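Novice: Sequence:
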Amino acid sequence: MDTLSYKTISANKATVNKEWVVVDADGQTLGRMCTKIAKLLRGKYKPNFTPHVDCGDNVIVINAEKIHMTGNKWTDRVYLSYTGYPGGQRETTPARLMAKGQDRLFRKVVKGMLPKNRLGDKLLSNLYVYAGPEHKHEAQQPKSIDINTLN
Numbered sequence: 016m017d018t019l020s021y022k023t024i025s026a027n028k029a030t031v032n033k034e035w036v037v038v039d040a041d042g043q044t045l046g047r048m049c050t051k052i053a054k055l056l057r058g059k060y061k062p063n064f065t066p067h068v069d070c071g072d073n074v075i076v077i078n079a080e081k082i083h084m085t086g087n088k089w090t091d092r093v094y095l096s097y098t099g100y101p102g103g104q105r106e107t108t109p110a111r112l113m114a115k116g117q118d119r120l121f122r123k124v125v126k127g128m129l130p131k132n133r134l135g136d137k138l139l140s141n142l143y144v145y146a147g148p149e150h151k152h153e154a155q156q157p158k159s160i161d162i163n164t165l166n
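Each position in the sequence shown, counted from 1, maps to that position plus 15 in my numbering.
Treat the hints as calculated values from the structure; they're not laboratory data. These figures come from a predicted structure and were not determined experimentally. In this text, a Cβ means the ideal position worked out from N, Cα and C, and glycines have one as well. Heads up, some of the hints might be wrong.
What the hints assert, rightly or not - Derived DSS-like pairs (lysine-lysine); straight-line CA-CA distance at most 25 Å:
hint, residue 1, residue 2
1, K126, K81
2, K151, K54
3, K33, K158
4, K151, K123
5, K115, K151
6, K59, K137
7, K59, K131
8, K88, K126
9, K126, K158
As the list claims (entries may be wrong) - Label-pair restraints from in silico Cβ distances:
hint, residue 1, residue 2, range
10, V31, Q104, 36 to 44 Å
11, Q104, F64, 36 to 44 Å
12, R105, Y21, 51 to 59 Å
13, Y100, N163, 41 to 49 Å
14, H152, G102, 41 to 49 Å
15, N132, G86, 30 to 38 Å
16, Q155, G86, 32 to 40 Å
17, N166, S96, 26 to 34 Å
The task is simple: from the sequences and hints, build the whole structure.
Specialist: Below is the structure:
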């Protein structure tokens with residue numbers, strides 16, 4: 016009996032197969048979409064997922080300006096940050112983050128869904144967000160997926 020066939024395969028940097036994926040944000044709800052993006056970045060949909068390795072895909076989000084939020088969350092939700100100085104607590108809303116740049120809101124939401132360590136920072140660098148339908152990663156031949164088909 017071949018015992019090698021029973022061994023659990025643990026991925027490493029050399030054996031990981033990273034793909035490029037395009038996701039359309041047009042009409043999608045922000046939180047529901049970002050959970051699936053975080054899973055794609057982490058590699059949870061792959062059969063050789065290894066928790067301590069960057070085995071996720073590179074994700075390109077297009078039409079970020081057409082994202083949807085339910086209720087009054089554009090103005091009522093508050094994100095807090097702290098500068099480190101006394102009286103340095105700052106608050107901002109999703110509308111203000113979108114005004115500064117569409118990628119800021121996506122990065123903030125997805126970052127909260129990734130590990131809080133160096134691996135999480137590396138995974139977040141695999142996220143590319145563009146306001147319109149055009150992106151500059153055609154050379155990587157990304158495949159377009161429907162985010163609603165993922166569970």
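Novice: Could you run down the list of hints and mark each one as holding or not?
Specialist: Okay, the hints, checked on the actual structure:
{"no.": "1", "hint": "K126 / K81", "verdict": "20 Å, holds"}
{"no.": "2", "hint": "K151 / K54", "verdict": "23 Å, holds"}
{"no.": "3", "hint": "K33 / K158", "verdict": "12 Å, holds"}
{"no.": "4", "hint": "K151 / K123", "verdict": "22 Å, holds"}
{"no.": "5", "hint": "K115 / K151", "verdict": "21 Å, holds"}
{"no.": "6", "hint": "K59 / K137", "verdict": "16 Å, holds"}
{"no.": "7", "hint": "K59 / K131", "verdict": "17 Å, holds"}
{"no.": "8", "hint": "K88 / K126", "verdict": "19 Å, holds"}
{"no.": "9", "hint": "K126 / K158", "verdict": "23 Å, holds"}
{"no.": "10", "hint": "V31 / Q104: 36 to 44 Å", "verdict": "40 Å, holds"}
{"no.": "11", "hint": "Q104 / F64: 36 to 44 Å", "verdict": "37 Å, holds"}
{"no.": "12", "hint": "R105 / Y21: 51 to 59 Å", "verdict": "54 Å, holds"}
{"no.": "13", "hint": "Y100 / N163: 41 to 49 Å", "verdict": "44 Å, holds"}
{"no.": "14", "hint": "H152 / G102: 41 to 49 Å", "verdict": "42 Å, holds"}
{"no.": "15", "hint": "N132 / G86: 30 to 38 Å", "verdict": "33 Å, holds"}
{"no.": "16", "hint": "Q155 / G86: 32 to 40 Å", "verdict": "37 Å, holds"}
{"no.": "17", "hint": "N166 / S96: 26 to 34 Å", "verdict": "33 Å, holds"}
The structure meets every hint from the earlier list without exception.
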